[in-house]
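Trainee: Got chain A; can you put chain B on it based on the hints?
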Amino acid sequence: GAGVSQSPSNKVTEKGKDVELRCDPISGHTALYWYRQRLGQGLEFLIYFQGNSAPDKSGLPSDRFSAERTGESVSTLTIQRTQQEDSAVYLCASSGLGLGNQPQHFGDGTRLSIL
Amino acid sequence: GQQLNQSPQSMFIQEGEDVSMNCTSSSIFNTWLWYKQEPGEGPVLLIALYKAGELTSNGRLTAQFGITRKDSFLNISASIPSDVGIYFCAGLPRRNQGGSEKLVFGKGTKLTVNP
Numbered sequence: 001g002a003g004v005s006q007s008p009s010n011k012v013t014e015k016g017k018d019v020e021l022r023c024d025p026i027s028g029h030t031a032l033y034w035y036r037q038r039l040g041q042g043l044e045f046l047i048y049f050q051g052n053s054a055p056d057k058s059g060l061p062s063d064r065f066s067a068e069r070t071g072e073s074v075s076t077l078t079i080q081r082t083q084q085e086d087s088a089v090y091l092c093a094s095s096g097l098g099l100g101n102q103p104q105h106f107g108d109g110t111r112l113s114i115l
Numbered sequence: 001g002q003q004l005n006q007s008p009q010s011m012f013i014q015e016g017e018d019v020s021m022n023c024t025s026s027s028i029f030n031t032w033l034w035y036k037q038e039p040g041e042g043p044v045l046l047i048a049l050y051k052a053g054e055l056t057s058n059g060r061l062t063a064q065f066g067i068t069r070k071d072s073f074l075n076i077s078a079s080i081p082s083d084v085g086i087y088f089c090a091g092l093p094r095r096n097q098g099g100s101e102k103l104v105f106g107k108g109t110k111l112t113v114n115p
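These protein sequence lines are chains A and B, in that order. When the letters of the first sequence are read in order and numbered with the numbering used here, they come out as residues 1 to 115. When the letters of the second sequence are read in order and numbered with the numbering used here, they come out as residues 1 to 115.
So that you can see chain B by itself, here it is in the shape it has in the complex:
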């Protein structure tokens, strides 16, 4: 089945640094989503991308839907301690590949920010 390869698995950075993480797949996806999950909570949607090549920002976060439809990245600029958490990418496969509405998730990038 479809899989998303998310990297890096973990990152340890200093406050103020920029962060970049990405997801790739051998399959085409119709939609890319980026979520953040903190301990004991469900994932919270950060950015949704619906068109190939789309670049969308949400405050210090920027994400792009790759032009090939097989990848996406998320950047966080000027990181702060509250950015700590696990970031997940998720993709919706194209309908004509047998996908329904179920998202495929990456395994997450665990971000640690040192003050």
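Extracted from the complex, chain A is given alone in its bound form:
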């Protein structure tokens, strides 16, 4: 499709398990972002990829969180040893050539529930 695609749309897992979330950005978009949205809250920045530059990881809340991106394509966000406070919607967004020229377009998110 033409938009940002995220999978799975929902994930329920037990505390302590690892989870992997996937994002397919809009074709041609060089920038990719991950955000976390807790229930009833705004979006918290997690990590930003721009082309082949080193990612901006300043928003990752702990070393249990990591993300990878291969070139300008798919990205995966991994949460290790999940905790109940990790329950949230994880949103991915992409944009072209940095925000100054192109605004971010969002996927529908992965709703993560930790039991």
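To be clear, the hints were calculated from the coordinates, so they are not data collected in a lab. Please note: incorrect hints may appear among the correct ones.
Here are the simulated distance ranges between beta carbons [said to hold, decoys possible]:
1. Ser-9(A) <-> Thr-112(B): 24 to 34 Å
2. Ser-26(B) <-> Pro-61(A): 18 to 28 Å
3. Pro-61(A) <-> Ser-7(B): 25 to 35 Å
4. Leu-45(B) <-> Ser-9(A): 12 to 22 Å
5. Leu-55(B) <-> Arg-81(A): 48 to 58 Å
6. Glu-17(B) <-> Arg-22(A): 36 to 46 Å
7. Lys-15(A) <-> Ile-80(B): 37 to 47 Å
8. Tyr-50(B) <-> Glu-14(A): 42 to 52 Å
9. Tyr-50(B) <-> Thr-13(A): 35 to 45 Å
10. Thr-70(A) <-> Gln-9(B): 36 to 46 Å
11. Glu-17(B) <-> Gly-40(A): 23 to 33 Å
12. Glu-15(B) <-> Ser-9(A): 28 to 38 Å
13. Gly-96(A) <-> Asn-75(B): 20 to 30 Å
14. Arg-22(A) <-> Asn-75(B): 35 to 45 Å
In the BS3-like style, the derived pairs of lysine-lysine whose C-alpha atoms are separated by at most 30 Å in a straight line are [claimed, not checked]:
15. Lys-107(B) <-> Lys-15(A)
16. Lys-57(A) <-> Lys-107(B)
17. Lys-57(A) <-> Lys-51(B)
18. Lys-110(B) <-> Lys-70(B)
19. Lys-57(A) <-> Lys-17(A)
20. Lys-70(B) <-> Lys-51(B)
21. Lys-11(A) <-> Lys-110(B)
22. Lys-11(A) <-> Lys-107(B)
23. Lys-51(B) <-> Lys-110(B)
24. Lys-70(B) <-> Lys-57(A)
25. Lys-57(A) <-> Lys-11(A)
26. Lys-51(B) <-> Lys-107(B)
27. Lys-70(B) <-> Lys-107(B)
28. Lys-57(A) <-> Lys-15(A)
Derived list of chain B stretches under chain A, where covered just means 3 residues or more per stretch with a C-beta under 8 Å from a C-beta of chain A [unchecked claim]:
29. 41-48
30. 102-110
For each residue, glycine too, the CB sits at the ideal point set by N, CA and C.
Mentor: Showing chain B alone in chain A's frame:
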């Protein structure tokens, strides 16, 4: 860090009424964006503002980038039931303040429209 104060938190209005919401900050922002989020979906971009003082319309929506670069408002005229959702403002800090491309989001305004 930079924060955006979005108000009101929620609004209950009658169909046909006009709506106004705003975001303010103590920091300067380079870009202001307004998004709408419906349940189970990611935020959808409504309006992007790139210049101080800029006033931009998108159908019944009008948004302005404050002249001080520290605020923005969104107006919706003649509201209809499908305007229901959560509206988020988002800002991109100025680069020379240490910001990268990560957006700062307000906490949202939840809009309810009664037919």
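Trainee: Are the hints correct? Go through all of them and say.
Mentor: Checked hints:
1. Ser-9(A) <-> Thr-112(B): 24 to 34 Å: Once the Cβ atoms are compared, 26 Å apart, the range 24 to 34 Å for Thr-112(B) and Ser-9(A) holds.
2. Ser-26(B) <-> Pro-61(A): 18 to 28 Å: Holds - the Cβ-Cβ distance for Ser-26(B) and Pro-61(A), about 24 Å, lies within 18 to 28 Å.
3. Pro-61(A) <-> Ser-7(B): 25 to 35 Å: For Ser-7(B) against Pro-61(A), whose Cβ atoms are near 27 Å apart, the range 25 to 35 Å holds.
4. Leu-45(B) <-> Ser-9(A): 12 to 22 Å: holds, 21 Å
5. Leu-55(B) <-> Arg-81(A): 48 to 58 Å: Check passed, 49 Å falls within 48 to 58 Å.
6. Glu-17(B) <-> Arg-22(A): 36 to 46 Å: holds, 42 Å
7. Lys-15(A) <-> Ile-80(B): 37 to 47 Å: Between Lys-15(A) and Ile-80(B), where Cβ atoms are some 43 Å apart, the hint holds.
8. Tyr-50(B) <-> Glu-14(A): 42 to 52 Å: Given range 42 to 52 Å: holds, Cβ gap about 46 Å.
9. Tyr-50(B) <-> Thr-13(A): 35 to 45 Å: The hinted range 35 to 45 Å holds for Tyr-50(B) and Thr-13(A), with Cβ atoms some 41 Å apart.
10. Thr-70(A) <-> Gln-9(B): 36 to 46 Å: For Gln-9(B) against Thr-70(A), whose Cβ atoms are near 40 Å apart, the range 36 to 46 Å holds.
11. Glu-17(B) <-> Gly-40(A): 23 to 33 Å: holds, 24 Å
12. Glu-15(B) <-> Ser-9(A): 28 to 38 Å: holds, 32 Å
13. Gly-96(A) <-> Asn-75(B): 20 to 30 Å: Since Gly-96(A) and Asn-75(B) have Cβ atoms about 28 Å apart, the given range 20 to 30 Å holds.
14. Arg-22(A) <-> Asn-75(B): 35 to 45 Å: holds, 38 Å
15. Lys-107(B) <-> Lys-15(A): Judged against 30 Å, a Cα distance of about 28 Å means the pair holds.
16. Lys-57(A) <-> Lys-107(B): holds, 22 Å
17. Lys-57(A) <-> Lys-51(B): holds, 28 Å
18. Lys-110(B) <-> Lys-70(B): holds, 22 Å
19. Lys-57(A) <-> Lys-17(A): holds, 22 Å
20. Lys-70(B) <-> Lys-51(B): holds, 12 Å
21. Lys-11(A) <-> Lys-110(B): Given that 30 Å is the threshold and the Cα spacing comes to 26 Å, the pair holds.
22. Lys-11(A) <-> Lys-107(B): holds, 24 Å
23. Lys-51(B) <-> Lys-110(B): With Cα atoms ~27 Å apart, Lys-51(B) and Lys-110(B) stay inside 30 Å; holds.
24. Lys-70(B) <-> Lys-57(A): holds, 26 Å
25. Lys-57(A) <-> Lys-11(A): holds, 23 Å
26. Lys-51(B) <-> Lys-107(B): Holds - the C-alpha atoms of Lys-107(B) and Lys-51(B) are around 23 Å apart, at most 30 Å.
27. Lys-70(B) <-> Lys-107(B): holds, 16 Å
28. Lys-57(A) <-> Lys-15(A): holds, 24 Å
29. 41-48: holds (count 6)
30. 102-110: holds (count 7)
Going down the numbered hints, you'll see the structure goes against none, and every one checks out.
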